[in-house]
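K.L.:
Below are the chains, spelled out letter by letter.
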Amino acid sequence: MSKILILAQHDGSSINQGTSKAVTAAQQIQGASIDLVVFADDVSTIATKASKLAGVNTVHAVTTSNENWKLAQGIAPKIAELSANYSHVFGPSTTFGKDVMPCVAALLGQNQISDIMQVIDATTFKRPIYAGNAVISVSSNHDKIVATIRTASFKTGDMTSGSANIENHSIENTQTDTKFISLQAGNSERPDLQTAPKVISGGRGIGSEENFELMYKLADKIGAATGASRAAVDAGYCPNEMQVGQTGKIIAPDLYMSFGISGAIQHLTGIKDAGTIVAINKDADAPIYEVADIGLVGDLFKIVPELMEKL
Amino acid sequence: MKILVAIKRVVDFNVRVQVKPDGSGVATDGVKMSINPFDEIAIEEALRIKEAGKADEIVVVTIGVNDAQQQLRTALAMGADRAILVESESEIQSLKAAHSLLHIVEKEQPGLVIMGKQAIDDDNNQTPQMLATLWKRPQATFVSKLEINEDKALATREIDAGLETIEIKLPALVSTDLRLNEPRFVKLPDIMKAKRKPLDVINIDETVAGFDDKELSIENYESPQPRQKGVMVDSVDELVAALKEKGLV
Numbered sequence: 001m002s003k004i005l006i007l008a009q010h011d012g013s014s015i016n017q018g019t020s021k022a023v024t025a026a027q028q029i030q031g032a033s034i035d036l037v038v039f040a041d042d043v044s045t046i047a048t049k050a051s052k053l054a055g056v057n058t059v060h061a062v063t064t065s066n067e068n069w070k071l072a073q074g075i076a077p078k079i080a081e082l083s084a085n086y087s088h089v090f091g092p093s094t095t096f097g098k099d100v101m102p103c104v105a106a107l108l109g110q111n112q113i114s115d116i117m118q119v120i121d122a123t124t125f126k127r128p129i130y131a132g133n134a135v136i137s138v139s140s141n142h143d144k145i146v147a148t149i150r151t152a153s154f155k156t157g158d159m160t161s162g163s164a165n166i167e168n169h170s171i172e173n174t175q176t177d178t179k180f181i182s183l184q185a186g187n188s189e190r191p192d193l194q195t196a197p198k199v200i201s202g203g204r205g206i207g208s209e210e211n212f213e214l215m216y217k218l219a220d221k222i223g224a225a226t227g228a229s230r231a232a233v234d235a236g237y238c239p240n241e242m243q244v245g246q247t248g249k250i251i252a253p254d255l256y257m258s259f260g261i262s263g264a265i266q267h268l269t270g271i272k273d274a275g276t277i278v279a280i281n282k283d284a285d286a287p288i289y290e291v292a293d294i295g296l297v298g299d300l301f302k303i304v305p306e307l308m309e310k311l
Numbered sequence: 001m002k003i004l005v006a007i008k009r010v011v012d013f014n015v016r017v018q019v020k021p022d023g024s025g026v027a028t029d030g031v032k033m034s035i036n037p038f039d040e041i042a043i044e045e046a047l048r049i050k051e052a053g054k055a056d057e058i059v060v061v062t063i064g065v066n067d068a069q070q071q072l073r074t075a076l077a078m079g080a081d082r083a084i085l086v087e088s089e090s091e092i093q094s095l096k097a098a099h100s101l102l103h104i105v106e107k108e109q110p111g112l113v114i115m116g117k118q119a120i121d122d123d124n125n126q127t128p129q130m131l132a133t134l135w136k137r138p139q140a141t142f143v144s145k146l147e148i149n150e151d152k153a154l155a156t157r158e159i160d161a162g163l164e165t166i167e168i169k170l171p172a173l174v175s176t177d178l179r180l181n182e183p184r185f186v187k188l189p190d191i192m193k194a195k196r197k198p199l200d201v202i203n204i205d206e207t208v209a210g211f212d213d214k215e216l217s218i219e220n221y222e223s224p225q226p227r228q229k230g231v232m233v234d235s236v237d238e239l240v241a242a243l244k245e246k247g248l249v
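Chains as they are written, first to last, in my numbering: chain R, 1 to 311; chain F, 1 to 249.
Note that these hints are calculated values from the structure, not bench results. Ideal placement from N, C-alpha and C gives every residue a C-beta, glycine not left out. Honestly, I wouldn't trust all of these hints.
Said to hold, decoys possible - Here are a few chain F residues that face chain R, going by a calculated C-beta distance under 8 Å: (1) Thr28; (2) Val31; (3) Ser90; (4) Ile191; (5) Val236.
As the list claims (entries may be wrong) - To list a few chain R residues with every Cβ distance to chain F over 12 Å, as calculated: (6) Ser51; (7) Asn57; (8) Thr58; (9) Thr63; (10) Ala84; (11) Asn85; (12) Ser87; (13) Asn133; (14) Ser182; (15) Ala292.
Could you put the whole structure together from the sequences, leaning on the hints where they help?
P.N.:
Structure, rendered in structure tokens:
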């Protein structure tokens, strides 16, 4: 039988939905028994929230110090230690999971299966490579499987009605070579890009940081999160956490509306799980139209104001 | 301080790779090969640290086929001082790469290791973290700003929530994100000069003695599911109508 330990991600106050998506993926392994591990300096409140995720039996609540719960070197050894009784160790494929999980894999002497997009059975999984231009089936016949779960490929499950047991742990030797200094967080008033059902996204065609206000206004009008192509972030039109694509965020909203984005393959891989993709670009030959469900060719500076009026 | 930069030879980012019809892999014959873009950023960062007087030698290393010497020569032309090719005819997975690089790290004793956060071929995003772990030194992944202050470094990381700053004690490992810098172009005279810079070749077996590899098996390659063909509309009114019909607005 599969015993699966999942690394829970949180921001100090709530559990990241990526955790729930990892639980959803784990539940697709037949007969799996699922536990979580959560780290925090003051762990009890967040552990209680973790215990509400339906389908979880036990939450290992680990008390850390000096904000070590934010640091891969601060928590990876404990995850590796706890994994002794498990067949699988999963983490969400967020920047947090991507930072920590390979450390766990190295401590366990395993290769990691990154970005699982489909569970075939307990030991075989599908994952994308080459910016999603190919999909491979990977299997492991070793004693432990360490993996990250591509969050855009799995649904958020029930995060409120669970009743897992909480088991308390602590870390004896706190590392001091890596220290958390600060977090400059992005705009928190709009919906979270990774979980929002609607996303308004701008590219190089937006032309400037000032013009990007158009995207924010349209997003606020329909209650959407905002995203961007790499070109827009590189040009300084908007902050890095808005980047969607191979090396940014992989998202799966119900509606993705892109403005002035040509659609490089690296960007398309970040949106191809979206329900409906709308493309608005002045270049009718832009590759974004190859994946768009609805395309409109024209000047976005005329189209956006008209959309604001008619939506 | 010595900086070790680890790079990978990959299919150029402009190439749209295709899965072979028999599902045995992707077609890479005759396609353009380049330094992994994130690794180019790693080389550039090392050069800037050296130019700021905070490092005195840059060693660039790769694991790969003999032809990967081309990518090492490019790194030398950019300004690295010497290169090491760990030759492997067969493709290896992340953990073996990390063990092999650990061997080089132990031999070279760098104060800083810089590498790209992920290779754009297998998109694994693992080797830097694995190497830091095996080396038992701090890691700063996905770095967009790096400041070296004697025996410490301040690293700004691009994370989902925004920009996180951490302090790491050197020696340490840094993995690069896109906005750390813009790599320089190589000039022709530098390409000529690079031909005379030292490039050592060693076999991978010499670097992974005693390592028990637990390879994952890759069973099949397939093309991604294509999206269904969409429709083009001619006006904002039609667009709004289409969105309303789908219940999206």
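K.L.:
Next, verify each hint and record whether it holds.
P.N.:
Hint check:
Contact between threonine 28 of chain F and chain R, as hinted, is not supported at the beta carbon level, the nearest pair being about 10 Å apart and thus beyond 8 Å. Because the smallest distance between the Cβ of valine 31 of chain F and any Cβ of chain R comes to about 11 Å, over 8 Å, the interface hint for this residue is violated. With 8 Å as the threshold, the beta carbon of serine 90 of chain F stays out of range of chain R, its nearest partner Cβ sitting at about 15 Å, so the hint is violated. Given the 8 Å rule on beta carbons, the hint for isoleucine 191 of chain F is violated: about 27 Å separates it from the nearest Cβ of chain R.
Satisfaction of the interface hint for valine 236 of chain F is found here, the shortest Cβ-Cβ separation to chain R being roughly 4 Å, below the 8 Å cut-off. Every Cβ of chain F is farther than 12 Å from the Cβ of serine 51 of chain R; the closest lies at roughly 24 Å, confirming the non-interface assignment. Its beta-carbon lying about 27 Å from the closest one in chain F, asparagine 57 of chain R satisfies the requirement of being farther than 12 Å from that chain. The claim that threonine 58 of chain R lies off the interface holds: its Cβ sits roughly 26 Å from the closest Cβ of chain F, which is beyond the 12 Å cut-off.
Its beta-carbon lying about 21 Å from the closest one in chain F, threonine 63 of chain R satisfies the requirement of being farther than 12 Å from that chain. Residue placement check: alanine 84 of chain R keeps its beta carbon more than 12 Å from all beta carbons of chain F (closest about 17 Å). Every C-beta of chain F lies more than 12 Å from that of asparagine 85 of chain R, the closest at about 19 Å, which supports listing it as non-interface. Interface exclusion of serine 87 of chain R from chain F stands, the closest Cβ pair being 14 Å apart, more than 12 Å.
At roughly 5 Å, the least C-beta separation between asparagine 133 of chain R and chain F is not larger than 12 Å, which violates its mark as non-interface. Taking the minimum C-beta to C-beta distance to chain F, about 5 Å, the non-interface status of serine 182 of chain R is violated against the 12 Å cut. With a least CB separation of 5 Å from chain F, alanine 292 of chain R falls inside the 12 Å interface cut-off, contrary to its annotation.
Hints 1, 2, 3, 4, 13, 14, 15, counting from the list given before, are not met by this structure.
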